[in-house]
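A.B. asks: Protein chains in written order, with this note's numbering: chain A, 235 to 570; chain B, 2 to 323; chain C, 242 to 540.
Read the hints as simulated data drawn from the structure, not as lab findings. Just so you know, not all the hints are guaranteed correct.
Covered stretches of chain A, going by a simulated chain C footprint (3 or more residues, C-beta under 8 angstroms) [what the hints assert, rightly or not]:
#	stretch
1	525 to 534
2	538 to 550
If you only want the chain C side, here are some residues facing chain A, beta carbon under 10 angstroms, derived [unchecked claim]:
#	residue
3	Phe369
4	Phe376
5	Ile522
Facing chain A, a subset of chain B residues (Cβ under 8 angstroms, in silico) [what the hints assert, rightly or not]:
#	residue
6	Thr14
7	Leu55
8	Arg87
9	Met91
10	Val103
11	Ser113
Ideal Cβ placement from N, Cα and C applies to all residues, glycine included.
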Amino acid sequence: MKYVRVLERILATIPICLGVAITVFFVMRFTPGDPIDVMMGREGHVSEQHIAALRREFRLDEPLGRQLMYFLGGLARGDLGNSLVRYQPVGRLIRERLPATIELALAASLVALALAIPVGVISAVRQNSPVDRVSMAVSFLGVSMPAFYLGIILILFFSVRLGWLPVTGRIAYGLEPTRITGYLVLDGFLTGNLAAVKNALRHLILPAITLGAPMAAIVARVTRSSMLEVLRQDFVTLARAKGLTECSVVFRHALRNALIPTVTVAGIQLGVLLGGNMIVETVFSWPGIGRLCVDAIFQRDYPVVQGVVMVYALTFVGANLVVDIMYTLINPKITL
Amino acid sequence: MLEISNLNTHFPTSRGLVKAVAGVDFLLEPGRIVGLVGESGCGKSMTLLSILRLVPYPGRLSGQIWFEGRDLLQESPAAMRRVRGRAIAMVFQDPMTTLNPVFRVGEQIRESLRIHGLVGRAPARAQREMVLSLMEEVGIPSPSARYHQYPHEFSGGMQQRALMAIALACQPKVLLADEPTTALDVTIQAQILDLLRHINRQRKTAMVLVTHDLAVASEFCHEIAVMYAGRLVEIGPTREVIYHPAHPYTRGLLGSIPRITRERARLSPIPGNVPDLAGLAATCAFAPRCAEALPRCREEDPGLCDAGPGHTARCLRLKGGG
Amino acid sequence: MDTVKTRWYFLLLMLRLSGARLGAFLRQLGRHPTALLGLVVLAVYLCAALFAPWIAPHDPRQGDIAYRLEPPGTPGFVLGTDHVGRDMLSRLIYGARVSLLVGFVSVIISMVLGTVLGAVAGYFRGWFDQVLSRFSELLMAFPFLIFAIGVMAIMGPGFVNLIGALTFKSWVEFFRLARGEVISEKSREYVEASRASGLSHARVILSEILPNIIHSVIVLATLRLGHLIITEASLSFLGIGVQPGVPAWGSMVNDGREFIFVAWWTSTLPGLVLIVLVLAINLFGEGLRDILDPRLKLD
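The task is simple: from the sequences and hints, build the whole structure.
C.D. replies: Here's what the structure looks like:
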């Protein structure tokens, strides 16, 4: 029963993915300025023939419908076109940098959730205590603060003033472990290169905190209000009447109910994570696809921008799908 | 068995001290069923919660609750937890909201057994068997199928039975029932009451049944205690209280019950409203609404006065002289 | 003939609503000191932005290289100067113009557009609703910032483009809110009653339903305003916000990044000013929600 619903959800995302791809395509085609001109702008004066040849190569002389088909076909094959600036396939550029971004995103989510959920629970259990007020004030601040600023403040503090943590990059030059998966921390473990692991982690801390902060703030608030709701419910009183310890009541009975809305919110926050990603990668010079995109924007390297935007959008759709599925599975009421 | 002595449950609020339960005394003997009746807000549910010390923040308890030779109000939290669900169990009003929606019913019943050590290291099968027999006892049909279901898949009556299974799991000596039938249809009500009666006879479980329905109380309980504005205003054997009500409030309650058999007449409610529980004085709380009030009633607190064998009421008129 | 009367009726209704509410509203506000604080701070910023040409001590675009990177407290430059010698205070004041202008305009356009479309879609349902709902789902598939960055990357920096980019994604939220509320209001009895007394669809929507949902719309608007201002700053930070040269807090933070080791104020002050503004807006928004929400039930 439930699994039918899950399947439904999965199928529903296909039209959206398609829509995303088509939107990106059309937006790119309607860019003011001819991509060929942009490319040629670098080379100086070129003959008309050369331009016409290039047009044919990039299939820009064919009707729009055909171009769309080529585009979608290429997409299915994983071919996202070629970078105008770096003369490499966009797909490869993205693949090289994707692990960096994923590592950062995972670290940020981990930090955010590991911090926010306990804080939310404790704030709810000890409502109106100093802990509660302080944590809610801090999370309010977290929501009002732009990611780029938090990053800069952290750098100012921890790198400039205190010198504890490095400012930019993923790992100190020369310390990179042999590349197996592309995830530095993992690679370090796999090759037994603990110095690399340590260094990579040190580089990961500030960006992860910066990226995870807004998410943590919102998750903490939602967890708190959800817990407060749940703790007021009758079944909590019953749990106590059964003779359960307070700990058991809170973490076994109440939390499972309270987490249901938290999961949905966490999913929405993933969007924030993806968006903030570009900014954080810029601030910390993190070599991921966010930085790639920003650089490409300035270089007017449209195929790259297009490719990255699409990856982001599809990831977002995918993440929402996962959240949707998890929600359907967790909530026992959704069986009928 | 359970002796409550001068129980007070106070809530400090911005409007003053709310005395939800004020100076309640009563005695519950083994195997007896006492009905606690009164309007909404009179403190009956709060009394039950106070016995188990489940009063929500910022409530404060004072007085004594003697159970098995110990004063429950002096016990440590750990000791209280051993009493709750084990020696004294509670059944709540609305079963839909009282069962945890994310856990299966069987599991919730098993939990009671587990935490009070009644399963020990018995294998999962044996534990399941214990739960199933409990479910059978409370009358849940096809227990083995129902074991794995969630609360929202049960009907209202079955949910209430499940709650009772949870309460009875550890063979408590006292069962506190807070309006167990109010949220149910009349036919199911009768079934649940039968079940309670069966348990009382079979296991000799003493019960305190809270209800606002005098009819249910009169049918079911051995003794009736009437509460008003947080105080106990009358207590005595059922027949005595119903046929010879000693307190004007009780008389008013009985008089306001619409009867089908009599000739048509207007309903006679008790005039006025329940007083605000904040900052009540130590006089008779019912005096403002009482048709038989004396000037003295607004100055003194009556205290429980004799009104017959085993029957007392909080009314100055009973103190001899009118 | 009749339309003139309806228009007056509607106007009077709005005035009556706002007049009656205004008094009660201000009293309510008094009970929420944090919200009041937020409002006051916001007002200060608005005044600063409005009277910028008169209160800014220096020209925000003119810099004197001789005075580059002066720390705060230097005589003549209360908050110091940036790397080109421009006065920080003046730039911050003018930056307020950008943020507030972009923020308010975007929010208002999104609000009006989203609410109207949502109300119509929710009321009439049918193909209009279907098309718009699918479209909004598609838009929702793009994370906000990514979308804005994408649009700005293509269109290039500039005020109009910025407002367009921000609005294009924001209106969806108002659309969904209005649509949802209209759908639930539509089944209420007073709507049936108005239709029964002969009001046309348009009048029902405008005079009956809209006043009831306006509260949630306004609350949403205040809460999104802060987010939009942050987004504008983020875009300016990346260099794809306002035109280069226009003083904007985001770009100021970016400019100051290189000099963070020697001149912390060039990056920190603009961000600080931004945070205070957004905090004020959010505090006010939360207070507004507390005030309006319970009253929604009374309505």
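A.B. asks: Tell me the numbers of any earlier hints that the structure contravenes, in ascending order.
C.D. replies: 3 and 6
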